[in-house]
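Going down the list, the sequences are from chains A and B. Note that my numbering has the first sequence beginning at 1, numbered continuously upward. Note that my numbering has the second sequence beginning at 1, numbered continuously upward.
Mixed in with the good hints there might be a few duds.
Which copy is meant is left open, because identical chains are indistinguishable; a pair holds if it fits in one copy or across any two.
[Stated by the list, open to error] When the alpha-carbon atoms are kept at most 30 Å apart in a straight line, the in silico DSSO-like pairs for lysine-lysine are as follows: (1) Lys-17 to Lys-31; (2) Lys-41 to Lys-31; (3) Lys-41 to Lys-17.
FYI, nobody ran anything at the bench for these hints, they're computed from the structure.
Okay, here's what each chain looks like letter by letter:
Number of protein chains: 2
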Amino acid sequence: MITRNEIRLIKSLAEKKNRRREGLFVAEGPKVVGDLMERMKPAAVFATHQWRELRHCEAREISDDELRRASLLQHPQQVIALFPLPHETRPEMPPTDELSLALDGVQDPGNLGTIIRLADWFGIRHIYCSPDTADAYNPKVVQATMGSLARVNIIYIILEEMMAGYGGEIYGTFLDGDDIYQTSLGSGGLIVMGNEGNGISREVASRVTRRLLIPRFHAEADRAESLNVAIATAITCSEFRRQFSVKKS
Amino acid sequence: MITRNEIRLIKSLAEKKNRRREGLFVAEGPKVVGDLMERMKPAAVFATHQWRELRHCEAREISDDELRRASLLQHPQQVIALFPLPHETRPEMPPTDELSLALDGVQDPGNLGTIIRLADWFGIRHIYCSPDTADAYNPKVVQATMGSLARVNIIYIILEEMMAGYGGEIYGTFLDGDDIYQTSLGSGGLIVMGNEGNGISREVASRVTRRLLIPRFHAEADRAESLNVAIATAITCSEFRRQFSVKKS
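In isolation and in its complexed conformation, chain A is listed as follows (with noise of 0.2 Å):
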């Protein structure tokens, strides 16, 4: 069973200040608990009897309609698990040596759960975010890394300070920028990503040492289509783990 205050406890950590208060946030469903508990410890898992059956894991049993007055998700899944906030340690400084991302502003909940499952898929350990860019421990975002953000670092910063004493390459992706596909990329360095209808901030953009541009592919220059910046990233991620790929063979 749950009880009603800790059904309202949960209801509560879909506000960011209610998590920071209460030092917690949700993950639901087997996949994405799964993924976190190989890394994390919970501090409360909900589950029904399915989802105990298979995991043989300390977890208070719930009913389905438990479980369906509890979630904060439209069709809910077997288990509601509540992790600690990782504790905000003072990050480290981009490696150079390897590729991270920078994200300025990013601020759909679901964009920001997209990259971050991407840079998984690349072996992008640590992503960088602007104040201003949505809340990794929001429950939307959690949904969408899919049991990723287990496995990536994310870190809040004011990115132009910590850009200012960072010693690799800086890559934005611009539209006056040199066509990536065209362009010889490094295995490590800092990929910056922009806020979805403004693209890269200014202070952010005067520190990118270099511009690049993903081409757009047919003959009519005066049409206006655009990219999700979740496909931007990917489309560039790709081509620098492709060009790295090639190098080495």
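We have chain A; now place chain B onto it with these hints.
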């Protein structure tokens, strides 16, 4: 002003069966409505004073309050338009000398919208969808395309039947395919992307002539990360276009 029946009609068009019955779909916001109006004549436009001032087009003026009441969006934006559903012409075969996409059961409206948008970026003109793929005229899809729906043809068809008569290469991504970065790709053909959970169906997979793999980049072989289908589509299309541009230059 807008009547109560008109608001009821707009709301009803969130459902596919009502879109079919009325032969209409809804688009909202200056960007999406503007792009669609370049290619299609709307059946009705309801807009606030702000939008009408700018566009000088035939539109019924509504108040901000009416906009809020009629909109399907959480954050309504100036204009709501109804467009006739494009006629379901019996589709031709995909051309073999250009790239087209085939979607086999992509069910999330956000994913479908994002794929339509990135197809537009990469100059892909036709997307062939299995009948169980999300409906492209679902309001969530329409909004996620950011206007690209005006420039990309969407054809619903039984993919395995169409593929049986197709003369070009059919590409699909699988866990046991050839590294896409190390494979010579053509400038034409059909790229198949599968369902979010189950991938490409058996019937369609048996028609694939070139099995590709998007490689992961990390040391731990047992890790369970995956790529969102829109992200995988972006990486695949990007690599096709990169190889094409490198061969040309």
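These are the hints, each one checked on the structure:
Taking CA atoms no more than 30 Å apart as the test, Lys-17 paired with Lys-31 passes inside one copy only; the shortest distance there is 26 Å, against 34 Å between copies. Proximity of Lys-41 and Lys-31 under a CA criterion of 30 Å is satisfied intra-copy only: 15 Å inside one chain copy versus 46 Å between copies. In this assembly of identical chains, the alpha carbons of Lys-41 and Lys-17 lie at most 30 Å apart only when taken from the same copy (22 Å versus 47 Å across copies).
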